[in-house]
Amino acid sequence: MKIVECIEIDKTYQQGKVKVHALRNISMNIEKGDFVALAGPSGSGKTTMLNIIGGLDSADSGKIIVDGNALSEMNQTQLANLRLHNIGFVFQAYNLIPVLSAAENVEYVMLLQGIPQAERRQRTKSILDEVGLAGKYDRRPAELSGGQQQRVAVARAIVSNPSIVLADEPTANLDSKTGKGLLDMMKKMNQEKKVTIIFSTHDRMVMNYAARLLRIRDGQLVDDQVKNN
Amino acid sequence: MYLQLAWRNIWRNPRRTTVILLAIIIGVWSMIFENALMRGITVGMIKNSIATLTGHIQIHRRGYRSDPVIENSITEPEAVIAALKRILPPGTQWAARVRVNGIASNARHSSGVTLVGIDPASEAKVSFIGDAIAGGHQLQPDDPHAIVVGEALLDKFETKIGHKLVLMSQDTNQEIASKAFRIVGTFKAEMQSTEKQFVFITRKAAQQMLKLRQGLSEVSIVLPDQQESGVASRLKAILSPNGYEVNTWKELLPFLRAYLKLLDVFVYIWSLVIFIAMGFGIVNTTLMAVFERIREFGLMKALGMKPWWIVRQVLTESFLLLIIGIIMGNILAFLTVLALSDSGIDLSALAAGAEFAGMTRVIYPIVSIKDWSIANLLVMVLGLLICIYPAAKAAKFTPIEALAYT
Numbered sequence: 401m402k403i404v405e406c407i408e409i410d411k412t413y414q415q416g417k418v419k420v421h422a423l424r425n426i427s428m429n430i431e432k433g434d435f436v437a438l439a440g441p442s443g444s445g446k447t448t449m450l451n452i453i454g455g456l457d458s459a460d461s462g463k464i465i466v467d468g469n470a471l472s473e474m475n476q477t478q479l480a481n482l483r484l485h486n487i488g489f490v491f492q493a494y495n496l497i498p499v500l501s502a503a504e505n506v507e508y509v510m511l512l513q514g515i516p517q518a519e520r521r522q523r524t525k526s527i528l529d530e531v532g533l534a535g536k537y538d539r540r541p542a543e544l545s546g547g548q549q550q551r552v553a554v555a556r557a558i559v560s561n562p563s564i565v566l567a568d569e570p571t572a573n574l575d576s577k578t579g580k581g582l583l584d585m586m587k588k589m590n591q592e593k594k595v596t597i598i599f600s601t602h603d604r605m606v607m608n609y610a611a612r613l614l615r616i617r618d619g620q621l622v623d624d625q626v627k628n629n
Numbered sequence: 061m062y063l064q065l066a067w068r069n070i071w072r073n074p075r076r077t078t079v080i081l082l083a084i085i086i087g088v089w090s091m092i093f094e095n096a097l098m099r100g101i102t103v104g105m106i107k108n109s110i111a112t113l114t115g116h117i118q119i120h121r122r123g124y125r126s127d128p129v130i131e132n133s134i135t136e137p138e139a140v141i142a143a144l145k146r147i148l149p150p151g152t153q154w155a156a157r158v159r160v161n162g163i164a165s166n167a168r169h170s171s172g173v174t175l176v177g178i179d180p181a182s183e184a185k186v187s188f189i190g191d192a193i194a195g196g197h198q199l200q201p202d203d204p205h206a207i208v209v210g211e212a213l214l215d216k217f218e219t220k221i222g223h224k225l226v227l228m229s230q231d232t233n234q235e236i237a238s239k240a241f242r243i244v245g246t247f248k249a250e251m252q253s254t255e256k257q258f259v260f261i262t263r264k265a266a267q268q269m270l271k272l273r274q275g276l277s278e279v280s281i282v283l284p285d286q287q288e289s290g291v292a293s294r295l296k297a298i299l300s301p302n303g304y305e306v307n308t309w310k311e312l313l314p315f316l317r318a319y320l321k322l323l324d325v326f327v328y329i330w331s332l333v334i335f336i337a338m339g340f341g342i343v344n345t346t347l348m349a350v351f352e353r354i355r356e357f358g359l360m361k362a363l364g365m366k367p368w369w370i371v372r373q374v375l376t377e378s379f380l381l382l383i384i385g386i387i388m389g390n391i392l393a394f395l396t397v398l399a400l401s402d403s404g405i406d407l408s409a410l411a412a413g414a415e416f417a418g419m420t421r422v423i424y425p426i427v428s429i430k431d432w433s434i435a436n437l438l439v440m441v442l443g444l445l446i447c448i449y450p451a452a453k454a455a456k457f458t459p460i461e462a463l464a465y466t
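From first to last, the protein sequence lines are chains A and B. Take the first sequence: its letter number 162 is residue 562 in this note's numbering, and every next letter is one higher. Take the second sequence: its letter number 50 is residue 110 in this note's numbering, and every next letter is one higher.
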């Protein structure tokens with residue numbers, strides 16, 4: 401079942417006086433439950449692609465359907481609702497709210513969704529235990545290591561049971577050992593919870609974790625490789 | 061959790077929050093205290109004016125107010141007194157006076173004065189003279205030669221208690237009436253002009269000197285609850301057809317009424333001026349706090365937060381700052397007013413200036429519920445309104461712009 405369907409996506413940015421063609425005529429499908437890496441060098445268009453799939457940015461032309469929703473036909477409120485209920489985000493720089501504890505950061509998304517407090521607390525504790533942060537519920541981001549912060553970010557992305565998790569270079573700020581640990585954990589979540597995970601990377605080690613590798617170069621999809629790992 | 065998040069957000073930068081809280085506290089304090097001072101001034105002015113021979117209501121023969129001559133006196137006071145007995149509510153005090161313009165003189169000086177003939181016992185319950193004796197003694201009802209003058213007049217005439225003072229005025233026969241009185245006491249009033257203007261003799265002495273028989277110039281009434289308009293209209297209904305005028309203090313003192321209205325407007329203008337100064341601080345601080353957290357707002361939008369929720373988040377933080385500042389400003393203002401409630405603020409050193417403005421020598425600040433509500437509502441409502449700008453700024457960024465913001 402297709403969870404993401406991109407048809408002839410085109411995107412151009414104006415950077416000062418220069419026009420940058422970030423994505424050129426990209427078409428691809430991603431199946432539900434995939435563990436996909438968008439791979440390519442810096443500036444190839446990976447982040448733009450993720451932003452468009454996540455409804456954070458819009459394509460100049462083409463059509464994109466996420467979990468049955470045609471994004472170009474949705475207004476900002478509908479897109480916000482889609483992000484809130486169907487999509488989880490993990491950012492390279494963790495992007496946790498510094499004044500909230502690990503548990504509160506995770507709980508915050510469910511608060512926005514209107515989930516009752518008791519259920520929020522129970523799900524928060526459970527997901528933090530799953531990502532290996534048992535006992536660190538009350539730590540503020542500044543009291544956690546980079547790897548632990550990114551685990552909180554993954555927990556936050558997954559706790560609301562989204563259809564897709566979009567992770568933009570999730571291991572870029574981590575050392576290789578911590579990065580591997582995080583990827584193992586993400587893969588486990590993908591397999592156990594059947595959540596579709598799409599992440600961008602330019603790191604070969606990270607690419608090896610992906611079940612499917614979509615290579616992007618200069619805004620074009622140059623390779624679509626399904627692996628058997 | 062929203063409140064918890066807002067609370068923690070405002071304390072991210074404790075120094076900045078403390079500074080803006082101080083600005084709000086001082087702003088609220090100055091608004092409430094300044095309004096209380098203004099209210100104290102106005103209440104003092106009203107009390108003083110009512111006590112200075114005005115009362116809440118006065119009755120005159122028609123024509124006396126425009127031409128206060130002896131011919132315009134009340135010649136048959138029985139009808140007026142009968143109406144008072146019928147209409148006045150229990151607890152009301154009233155005094156009947158003779159009041160004419162005249163000249164006071166001694167061997168060295170002479171000066172225009174207002175000669176007031178009073179019944180000392182009833183007058184004491186109606187006007188300031190009851191407890192204003194500063195030297196000598198109060199008039200005795202059976203002393204036809206006694207006169208009480210103001211301290212300032214005593215100084216001006218370079219005389220003293222026990223000495224004589226001659227009063228001259230026109231009597232009912234259009235003749236010059238003059239009589240020598242002995243100064244038995246002096247009075248002190250809120251204003252020096254009052255001390256120089258009024259001299260008091262007994263009503264009987266005044267009636268004899270002016271050949272008025274039982275005649276009166278005016279009746280002054282002090283009501284227990286200041287509900288003068290109702291009583292005045294009932295008195296008017298009875299007395300107006302018989303050639304009398306009934307006026308409330310607001311009609312008798314139009315300048316004071318206009319002045320009080322003006323002061324009311326000043327209270328609002330001053331409050332607004334304070335708020336504008338404070339408002340710039342609030343907006344500036346909130347904008348700084350917002351721009352520091354643009355990436356976070358971008359994250360929240362990326363997570364699915366709608367723009368309105370971001371506005372609500374920023375406004376909640378502003379609300380917390382405002383409510384803390386308002387509560388502390390109120391406490392400070394009430395403590396200041398409480399500390400001054402007994403002693404007041406003594407403006408004796410500025411007496412001439414204060415008197416010129418019609419103010420009493422000592423101002424006792426008074427907090428009225430209306431002024432208090434206006435100050436607090438102004439800070440809260442306008443405070444939140446001006447914070448909509450930084451809140452809207454925070455909500456306007458797209459997630460991509462905000463996440464890329466450095």
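Be aware that a few hints might be false.
Distance windows between CB atoms, simulated [to be verified]:
#, chain 1, residue 1, chain 2, residue 2, range
1, A, 529, B, 328, 53 to 63 Å
2, B, 445, A, 529, 24 to 34 Å
3, A, 431, B, 340, 49 to 59 Å
4, B, 63, A, 513, 33 to 43 Å
5, B, 78, A, 402, 49 to 59 Å
6, A, 573, B, 430, 54 to 64 Å
7, B, 445, A, 402, 41 to 51 Å
8, B, 445, A, 572, 26 to 36 Å
Straight-line alpha carbon distances no greater than 25 Å define the calculated SDA-like cross-link-like pairs of lysine to any residue that follow [as the list claims (entries may be wrong)]:
#, chain 1, residue 1, chain 2, residue 2
9, A, 463, B, 264
10, B, 264, B, 112
11, A, 536, A, 512
12, B, 366, A, 465
13, A, 419, B, 461
14, B, 453, A, 458
15, B, 366, A, 623
16, B, 366, A, 474
Calculated directly from the structure, the hints in this document are not laboratory data. Treat the numbers as computed from the prediction; the structure is a model and nothing was measured. For each residue, glycine too, the CB sits at the ideal point set by N, CA and C.
Hint by hint, here is what the structure shows:
1. A beta carbon spacing of about 60 Å between residue 529 of chain A and residue 328 of chain B agrees with the range 53 to 63 Å that was offered as a hint.
2. Hint check: residue 445 of chain B to residue 529 of chain A, Cβ distance near 46 Å, so the stated range 24 to 34 Å is violated.
3. Our hint of 49 to 59 Å for residue 431 of chain A and residue 340 of chain B holds, since their Cβ atoms are close to 57 Å apart.
4. Range check, residue 63 of chain B to residue 513 of chain A: Cβ separation about 19 Å, and the 33 to 43 Å hint is violated.
5. Checked against the hint of 49 to 59 Å, the pair residue 78 of chain B and residue 402 of chain A passes, with Cβ atoms roughly 56 Å apart.
6. Restraint check, residue 573 of chain A to residue 430 of chain B: a C-beta distance of roughly 59 Å satisfies the suggested window 54 to 64 Å.
7. With their beta carbons about 49 Å apart, residue 445 of chain B and residue 402 of chain A fall inside the hinted range of 41 to 51 Å.
8. Range check, residue 445 of chain B to residue 572 of chain A: about 43 Å between beta-carbon atoms, so the 26 to 36 Å window is missed.
9. With a C-alpha separation of about 107 Å, the suggested pair residue 463 of chain A and residue 264 of chain B falls outside the 25 Å cut-off, and the hint is violated.
10. Straight-line distance between C-alpha atoms of residue 264 of chain B and residue 112 of chain B comes to about 21 Å, which keeps the hinted pair within the 25 Å bound.
11. For the given pair, residue 536 of chain A sits about 23 Å from residue 512 of chain A by alpha-carbon distance, which is consistent with the 25 Å threshold.
12. At roughly 21 Å between alpha-carbon atoms, residue 366 of chain B and residue 465 of chain A fall within 25 Å of each other, so this suggested pair holds.
13. For the suggested pair residue 419 of chain A and residue 461 of chain B, the alpha carbons sit about 18 Å apart, so the restraint of at most 25 Å is met.
14. For the suggested pair residue 453 of chain B and residue 458 of chain A, the alpha carbons sit about 22 Å apart, so the restraint of at most 25 Å is met.
15. This hinted pair does not check out: residue 366 of chain B and residue 623 of chain A have alpha carbons roughly 37 Å apart, beyond 25 Å.
16. Between residue 366 of chain B and residue 474 of chain A the CA atoms are separated by roughly 14 Å; this keeps the pair inside 25 Å, and the hint holds.
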